[in-house]
Each structure stands twice: as C-alpha cells, then as structure tokens.
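Add chain R to chain C, keeping to what the hints say.
Residues per chain, in single letters:
2 protein chains.
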Amino acid sequence: MRIRVHVTPRVGVLDPQGKAVAGGLKSLGFNEVGEVRVGKVIDVTVEGLSEEQALERGRAMAKQLLANEVVEDFDVHVSAN
Amino acid sequence: MRIRVHVTPRVGVLDPQGKAVAGGLKSLGFNEVGEVRVGKVIDVTVEGLSEEQALERGRAMAKQLLANEVVEDFDVHVSAN
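Listed in order, the protein sequences are those of chains C and R.
If you count the first sequence from 1, you need to add 39 to reach my numbering.
If you count the second sequence from 1, you need to add 39 to reach my numbering.
For reference, chain C alone in the conformation it holds in the complex:
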C-alpha cells in the first residue's frame, strides 16, 4: 500500500521557487501561466495496514515530520500500489 503526501506552501506564504519556475515557463513561451507553487510529494510504502489505518498513519507522519504546518499545508492519499 502506498501513502502519498503532498506538502505545499500555504496560501499567503512567499514561494520564491514557484516564482522562478513561473518566470522560466514564461520565458519558454508558456504565456498562459499564472501562479506557480512548488511543493514536495512524499510516497511512503507501508505493509500490513488497512486503507483507513494507512490514511491515519500518513496524517500522523505529515504532522510529526513531513510538513511544517506553520508555513505548509498537506494532504494525504492512499492507493493500493
């Protein structure tokens, strides 16, 4: 079972990496680009958990280690592989 955690900068928090990517995309001709936000995706393989347990454990991992909730939001998804 795979837990996927997205950790993204909170709305209102400056994201210089996102600004740099937006500038890069525009200079390549992607003129339709508006805001860009760059975050992390963490895939954790776990064994022996139900889907519900995996979701709960994934949230605990995000809160304790993966995300800094002062400046970052996170969401957790669970999939079979």
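The reader is advised that the hints may include incorrect statements.
Derived lysine-lysine pairs resembling DSS-like cross-links, with alpha carbons at most 27 Å apart [stated by the list, open to error]:
1. R:Lys58 with C:Lys65
2. C:Lys79 with R:Lys58
3. R:Lys79 with R:Lys58
4. C:Lys58 with R:Lys79
5. C:Lys102 with R:Lys79
6. R:Lys102 with C:Lys58
Partial pick of chain R residues on the chain C-facing surface, computed with a CB cut under 7 Å [as the list claims (entries may be wrong)]:
7. Gly63
8. Leu64
9. Glu71
10. Gly73
11. Glu74
12. Arg76
13. Val77
14. Ile81
15. Asp82
16. Thr84
17. Val85
18. Leu88
19. Leu104
20. Asn107
21. Val117
Honestly, the hints are just simulated from the structure, not real lab data.
C-beta: ideal position from N, C-alpha, C; glycine also.
Just chain R now, kept in the frame of chain C:
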C-alpha cells in the same frame, strides 16, 4: 484551471532524501514504513485553456523545464480549480 505535475525520482535512481525521511519516520516509531521516495509537486494555474489543451501544455512544461527525464519521471493532472 490547475495543472498539477508530479516529478519523482525514477525507479533505480538513488534517492538520498527519501532514505533520510524513511530513517526519520522509523526513529519516530513508524515501523510499518518501507521505501520512501521524495519528489516535487508543481501546481500551475492557467487561464483560457480547455482541459485537453491544459494536459498537453502541462506535458510540454514537464518535458522542457520541470523534469529531468534522465533521472526523473513525471505525471500530469488537470483539475478545475
């Protein structure tokens, strides 16, 4: 419309950040953790594109700037907001 691009290390490519996160999670008592892979998630807001166009443009952005296909895989999703 939002284009979400995941950029993750290819299978077989060493991921030291993932190893560090796995070690950290285990030391916090998450003993069910197996492999951990850490990648990037890039959210791009675009205007005036259909869903199909956004998907195509997202793939072009990934190929040209966001991902290094020698060592990274990517996937592209499009959502309404």
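Hints versus structure:
1. R:Lys58 with C:Lys65: Distance of about 35 Å is beyond 27 Å: violated.
2. C:Lys79 with R:Lys58: Cα-Cα ~15 Å, so holds.
3. R:Lys79 with R:Lys58: holds, 16 Å
4. C:Lys58 with R:Lys79: holds, 15 Å
5. C:Lys102 with R:Lys79: At roughly 19 Å apart (the allowed maximum being 27 Å), Lys79 of chain R and Lys102 of chain C satisfy the hint.
6. R:Lys102 with C:Lys58: holds, 19 Å
7. Gly63: holds, 5 Å
8. Leu64: Holds - the Cβ of Leu64 of chain R comes within 7 Å of chain C, reaching about 6 Å at its closest.
9. Glu71: holds, 5 Å
10. Gly73: holds, 4 Å
11. Glu74: holds, 5 Å
12. Arg76: holds, 5 Å
13. Val77: holds, 5 Å
14. Ile81: Given a least distance of 5 Å, the restraint on Ile81 of chain R holds.
15. Asp82: holds, 5 Å
16. Thr84: Status holds, d = 4 Å.
17. Val85: holds, 5 Å
18. Leu88: holds, 6 Å
19. Leu104: holds, 5 Å
20. Asn107: violated, 14 Å
21. Val117: violated, 13 Å
The structure does not agree with the numbered hints 1, 20, 21 stated previously, though it agrees with the rest.
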